[in-house]
Structures are given as C-alpha cells and as structure tokens.
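Based on the hints, put chain B in the right spot on chain A.
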Amino acid sequence: MKAMRGRPSADDCLAARFKAGDARAFDELVEIHLDRLFAVAFGALRDREAAEEVTQEVLIRLYRQLSTSRAPSRLRPWLYRVCANLCIDWQRSRKRQPVTVELTEVADSLSAPDPTDAASERAFREAVYSVVRGMPRQQKMAFALCHFAGMSVAEIAEVLRCAPATVRVHLSRATRRLRDALSGEAGDERM
Amino acid sequence: MSECKHVAEMIGPYLFGHLSVGARATVDAHLASCQGCRREVVERHRALAALGAEKPTQAERERILRAVRAETLLASYSRVTIAWGLRRVLTMGGLALVACGLFLSGIWVGERRHATRPSLRVVGDTPKSGVRPAPVVVTDTRAASAQPRLRVGDHPPKQVASPSRTRFRQEPYQLVIRHATRVVAPLPCGVDDVGLATVDE
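Quick mapping for you: the protein sequence lines, in order, are chains A and B. Under my numbering, the residue at position 101 of the first sequence is numbered 101, and the numbers go up by one with no gaps. Just add 191 to wherever you are in the second sequence, counting from 1, and you've got my numbering.
Be careful, since some hints might not be right.
A few chain A residues that face chain B, going by a derived Cβ cut-off under 7 angstroms, partial list only [said to hold, decoys possible]: (1) Phe-124; (2) Val-153; (3) Leu-171; (4) Arg-179.
Note that these hints are calculated values from the structure, not bench results. Heads up, the beta-carbon is just placed ideally off N, CA and C, and yes, glycines get one too.
This is chain A alone, in the form it adopts within the complex (with noise of 0.2 angstroms):
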C-alpha cells in the first residue's frame, strides 16, 4: 500500500521514457497500476464487469495521452483522477443512486456468530463494502484512493481537486462510518 509513496517519480520516468521510444515502458506502467486502479474501481463501484471496463477505459485513455504531445506532466493524479471521473461516469450512466445502507443491518450480519466461517466472512466482507459503496462520491472516493491504490493526502487532494484538510475530513468519516457499521452504531454523518 505504501509502495508508491517511495518513488514518487517513478511514473513520470516510464512516461518519459514511452515518449522517447521505449514501447516497453508503458507495459510497466500497466504493470504497476493495473491492480490498483482495479481495486480502485471495484472499490467504489463494487461491480467486476465495470471496474474491468473502467480499468481497461483508464490505460487506454493512458496510452492516447501519452502518444499524443499533451501528455500530463504528473502521471499518477492524473490517471486516478481520470479513474474517479469514470468511475463517477459509470454510476450516472448506469442512474444508480447512491446506496442507503441502514448500518443497523449490516452491524446485525457483523455480528455472525462464527467469525472463521467462510460465508460468514464473505457476508462480513459484503457488509463493509456495502457500507464504502453507500458513502458520499467524493468521501468513498477519497477512500478508495488512499486503502486500496495507497495514495497520500496530498495526492488525492490532487486527483479530487480539493483541499488535503478536506481529503483529511473524508477519510476520517469513511473510517468512522465503517466503525459505525461494525460496531451497529448507525452514525448519520452524510455531507
């Protein structure tokens, strides 16, 4: 999850070296971000088949861009940025609402009584999901960044386009709104 935190630059070096020729060079990038922009996707969407659109959309979109002489300056917002907004495009065009979960039912699948239990885990598992997919867009976005493609503040706030206090705020509620569903104290903390 922190991977991407060490090497800042990497990205925009791969970039680089595609425009300079090296085809190979953007099978490493799709090597590097394919997994995370899936868990991204999936992690807001919570749909396979879409997010499999989405993350194919989104390297696609990559390829185009840096084949082209406007290619972004700094790759990785760019690209998360691009995968939020299709993702957010999905929903739209898919009319699906926000889901309402009511914590109280997902704290009463929670509370199973056989943790081990594989359907229990698997229940558990849907539960909190369903909890990420009822959060606001812009707070499960920031959520989906930061847990599942291990962005930092800052970067987030620059795929979101927003203030890193208020990406702060976002991840804050999304954690407590999950604790909320765990613990079946049914917050109501919308923005």
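Showing chain B alone in chain A's frame:
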C-alpha cells in the same frame, strides 16, 4: 472530551499513516490515556482490515491486457497508416502539381505558338495608279467577336505597310495580316489569292 473530538478527526489519517510526526505523537499520547479513543482506533482498524484490495482475477487481467494491447496495436497501425497515407497524398499532390505545371506550360507554349502563328496572306495585282484597292475584310482569330479588324487597302497594317509600299506599286502586292484566318467579305477585284502562311516574327 474536546481532545477526544479533535483526535477522532485524525484517526482516519492516523490509520492510513498520513499524519505528520508531531500529529501522530499527539494521537499516540492521547490514545495511551483514553480507552474510548483506543477502542475507536481498534474498531476502525478492524473494519479497514476487512476491506482488502480486490485484485483482478487472471481472466479479468488477461481481458484488460488484451483490450489495451489491441488499442496500442490499433494506434500503432493508425500511425503507420496515417504516415503512409500522408506520404502518398504528398506524392500524389506533387505529381498533380507537376502535371498541372506541365499542362499550364503547354497552354502557354501553345499560346505563344498561336501568337506567332500567321495570319492571312493576301496577294493581288498591282492596282492601277489612282485606283484604291478594294478592301479585304478579315477577322482576327484572337478577337472575341467576329468584328472586322483590318481592311486591306483602306488601312494596310502598319507592320507591313512600309516594306510593302514599294512592291505595292510594282508587283502583285502581298500583305500579311496577323492573327487573321479567314475572309469574311467577298474577295475584292484585283485580289488573286487569300491563304494562310507562316510568318516569322
């Protein structure tokens, strides 16, 4: 309690490791003394731990990579095709320009040749003294209309008047009328022949 509220706002970034060293020390110090906040951190951490990053399956991964590779191949092919097409268009355009140049120069040469093309030669007997030769009415081939332009005898063309003047009195006269190709009036009396001849400029 106000400190708990302040720390609660920082628990999210704290769990993700996004706090500065000072802020993290503040939270750590508070957690050491506050059981409620410590429980809050543990519960939030448990929820986060349940949310593992979902990875694509091998099939999904292959489908994604296949789609991306198809796009890159298509883009490469398009670039090659565009470059090839551009080269072809430029070549064809160049050839078309050369052809146009040749055509226009041909027209120009033709015009020049037509301009030096002769004209009407009018041959007639030497008119008797005091008798004006009857006019020969011709048309100028370059004229847009068929209006008579020259009248031999009445207005001998200046370009031939001087050299012909002597012969005009002594021998059958010969006039050359430039750019005239046909006679539009009946041949006058005393004019024997009307025909085309080449005249050097």
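We went through each hint and held it up to the structure:
For A:Phe-124, the suggested interface contact is upheld, since its CB lies about 6 angstroms from the closest CB of chain B, less than 7 angstroms. The closest approach between the C-beta of A:Val-153 and any C-beta of chain B is roughly 5 angstroms, which is under the 7 angstroms cut-off, so the hint is satisfied. Among the interface hints, the one on A:Leu-171 holds; its C-beta lies about 4 angstroms from the nearest C-beta in chain B, closer than the 7 angstroms criterion. Interface hint at A:Arg-179: satisfied, since its Cβ lies 4 angstroms from the closest Cβ of chain B, which is below the 7 angstroms cut-off.
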